[in-house]
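A.B. asks: Could you slot chain C onto chain Z? The hints should help.
There are 2 protein chains.
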Amino acid sequence: MTIDHRAIRWNGWGWTAHKDQLAENDLFWSWLATELGMPALLATPARPLESITIPTSRLPAEHRARFVALLGAERVRDDAYERAYHALGRSYHDLIRLRTGDLSTVPDAVLLPRTSDEVQATLAVCGECGIAAVPYGGGTSVVGALTADPGRFKSVVTISLSEMDRVIDIDAQSMTATFEAGILGPALEKALQAKGLTLGHHPQSFEFSTLGGWIAHRGAGQGSNRYGRAEDWLVGAKVITPRGVLQTGGFPASATGPRLNDLVLGSEGVLGIITEATVRLHALPAASDYRGYLFKDFASGVAAIRSAMINGIDVTMLRLSDSIETKFYRTFGALGKKRTVRDRISQLYLDSRGFDEKSCALIAGFEGESSAVKEARHRFDVLTKKLGALALGESQGKRWKEGRFHGPYLRDPMMDRGVGVDTLETAISWSKLDTLYITVRDAIEAAIRETAPRAGARGLVSCHISHSYTDGASLYFTYIFPRALDGELAQWRTIKRAASDAIVKNGGTISHHHGIGEDHLPWMAVEKGSLGIDILRAVKMALDPKGILNPGKLIPL
Amino acid sequence: MTIDHRAIRWNGWGWTAHKDQLAENDLFWSWLATELGMPALLATPARPLESITIPTSRLPAEHRARFVALLGAERVRDDAYERAYHALGRSYHDLIRLRTGDLSTVPDAVLLPRTSDEVQATLAVCGECGIAAVPYGGGTSVVGALTADPGRFKSVVTISLSEMDRVIDIDAQSMTATFEAGILGPALEKALQAKGLTLGHHPQSFEFSTLGGWIAHRGAGQGSNRYGRAEDWLVGAKVITPRGVLQTGGFPASATGPRLNDLVLGSEGVLGIITEATVRLHALPAASDYRGYLFKDFASGVAAIRSAMINGIDVTMLRLSDSIETKFYRTFGALGKKRTVRDRISQLYLDSRGFDEKSCALIAGFEGESSAVKEARHRFDVLTKKLGALALGESQGKRWKEGRFHGPYLRDPMMDRGVGVDTLETAISWSKLDTLYITVRDAIEAAIRETAPRAGARGLVSCHISHSYTDGASLYFTYIFPRALDGELAQWRTIKRAASDAIVKNGGTISHHHGIGEDHLPWMAVEKGSLGIDILRAVKMALDPKGILNPGKLIPL
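Chains Z and C, in that order, give the protein sequences. Residues in the first sequence are numbered from 20 upward in steps of one, following this note's numbering. Residues in the second sequence are numbered from 20 upward in steps of one, following this note's numbering.
Errors might be hidden in some of the hints.
A pair holds if it fits inside one copy or across any two, identical chains being indistinguishable in the list.
EDC-like mimics (lysine to aspartate or glutamate), calculated; alpha carbons at most 20 Å apart, straight line [what the hints assert, rightly or not]: (1) K451 with D188; (2) K315 with D520; (3) K405 with E388; (4) K214 with D505; (5) K451 with D461; (6) K565 with D553.
What the hints contain is simulated information worked out from the structure, not anything from laboratory work. These numbers were taken from a predicted model, which means no experiment stands behind them.
Isolated chain Z (complex conformation) (with noise of 0.2 Å):
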């Protein structure tokens, strides 16, 4: 294993040692009590795993036998911590389960195979026993996608590829790579970057998943403008199903009927478990400007963006962040800073060029060639200043660059004192994105208000576009609330259902790149239809007959 996996949060996120920033600022907690409308916030640490009593295991001796003949004993993995690692992912309503010691869907044991016949052979003992096998890479899904459901079947196992993380072949010429799909972020762009290449796959949750999760959920990185989706670099997957091996793609594009990459982007573990995959690659950028500005409103910050997708505009990222998240960010740099006579003149000059409570921070990223980077910069500035907006250098940029992995951190402080934080996404055409942004930002604020524990409290939603196109862009929801202690997974599921029916309802995906998982289940009818369900089931029949594959999650049944 690549890492050990006691260095990670088993019911939080990221490292064990990371130090929470926010932990200590008691400013910031009294300031988001006022926001919240709550006189203070109560402690609700997690409980620690030695108080939690874990189901014991479920798996027959024999079985368990099998397994470890199968893989060695060191590969069948039971111990507490290990089971409770994988009981779920890493969603809000995992998390609640995971820090009140619900751990009622844990895995009968976690296995460890090194090679696709050893997935495959796996999977056989799973079939002949009728034993449910759980798919997991990083294990950072935030939808649900691995909970160790044993659906009919009377155990279930967890099957880890995070021993298949080996980098089998790159082809400079080709500008592809293929490696085990367990290799993790990190590990990939290393032996890319050794030769000047690079994937440039970059989720918030670079550093703990996989490349076969990045596909397994359909996935964008943070610079999805220049390096695409999973479904833009996927050439090829190797999928180990219960009838066998799937091998797909290989070209650089075909015709020969419909692409079967794309029934494995998104299959998250229904379908089969991705063991090899191949991907395009980019050269290591020689240049990289990442920057900020700030606009008068959302209204003018989309115009920009869209303007730049569709003059084709070479940018890297576009991040836009709604007012609120604007607000929320320049307060929580500010605290406890003093205030200083630069600042104040700062202050003035933005509200004499109008820049008011409206205004929206967005930060642009350009990567490539100097003299494309160069180009690309020029041509968005003169579009945004066309749009009134304000350039305001790289300090911002760099910022964002250096936390752009440590948003999940933090939430496990806030849900130490009462505050729940939670995050959905969407995507949706340019011409119905504004009524959708209202809709499901005023859906969640009044479910918050109708859950919340007290009269008067209320929640913090604010929104940014991270991903656009030129025929749209997706909408990423955060959602700062006071939990109902004394219901928490009916209140995630009134905020829930208020948002996914304001989303759907108003013509954008149930998601745009964290996936389907057993969280947004009830919205997949609506938005495939009853033929596209039809026809997953269908395949989901042609690969796994006995239905062994991650029970209750992607196709409702």
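C.D. replies: This is chain C only, laid out in the frame that chain Z set:
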């Protein structure tokens, strides 16, 4: 109907009124005879329709009456011309059958529904009565995707989308538009260009092919570098299946499991009938610059294309002819023209610079904003110069643009003279491209010699690259050969098999943009794998359980 079918050749390519420049050029024919190692070319005219006995329609009167009740008498066609016109596509394989009067596979009726509901009702009648249905767009398939094959049914109808060609919506804000799928290329572009927009999808069949057809065979237009392939510009589709309506996609991007657009793309009428589609648009380019370059050999031309792709140069098209194709076009252009002093000086200059018979011509196209076109052209100029290429100026580009849809017309006059001409295409990664190019070319040459009507006769096998990607490119072979008139189908099959076997053995895809139809069916299982075929069969069963749709195409039984 947008086009009167009588204005289009029922047994050849394009407008009946199109004047064959070649037909009168005796110099060309004697040159060609020599090239093919034939003492003379034979007159082999096609049989006129009037001399061909078309099998009586097998459609029982009561079935016909049901279609008439549904669609009206004028939209149930069974006259000889319409049946013959819709009997087959326009592949070489189709053509030899049509020209010799083999109309054993003609539809028993041609149906012309005008709405999605009518398509659905028509399919319901087919299902109830046990009638096979062949969906028909523009009829330009070159892989046998339109053969009116009843399969295991007693009769077969063609369902033509030619009356479903309406513009449903143009959303200029989102840069998308929705059309009925039967709209032809010119009508689609006219509607868009009136608003300053374009889809930019220009296959060689542009004048006669439809939006639905482009999607159904997963096509690529000549400007695919800028405008993308069908899978890049398809936002969503409405597909009528025997089990109901399937509406796919509809978002700029999504992570809601497998993307069902990709089952529609390449579905070739086997899974359903595409009746509407929403597509991504571009602004009509302000500038367009097409020009020629001459490389000393194929390898340096390939290097230029690869470098342009990897460095992200904003090209619309790069089309590199190999030395045989380059020589063919040069000879073709010079035939019967007097060599001027200027020509001789040009030749001396080329000789002195080392441009010999290995030289390869490349046409580069740049479209977009004027400054972007200038910049891209400059970058490409620098790159080609480094690789020892000669810039030939705009006249070559202009000539290519003028003739961009004329290529297929060359086939008919050749067919009239005992000469066969067929094309096939593949795509492959850069590192394997050289080997594939040589192996396939040699395989075709050998198969032509083997099947030639006399000893010493040979083929003219040329190749070009017309579509390129960061990880590889397409190879498009054109081969001209003396026909074995006493066994034409066997000859075609031998050549096709030799080329296709060489393609799959050397890592190429069996089709880059033509599709599968009947012609590539024997290689589908090699490319998709047996589980891949199982998946396609499962999807087929989910959507068309009786198997009435387009029997014998795409999915091996």
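A.B. asks: Which hint numbers doesn't this structure obey?
C.D. replies: 2, 4
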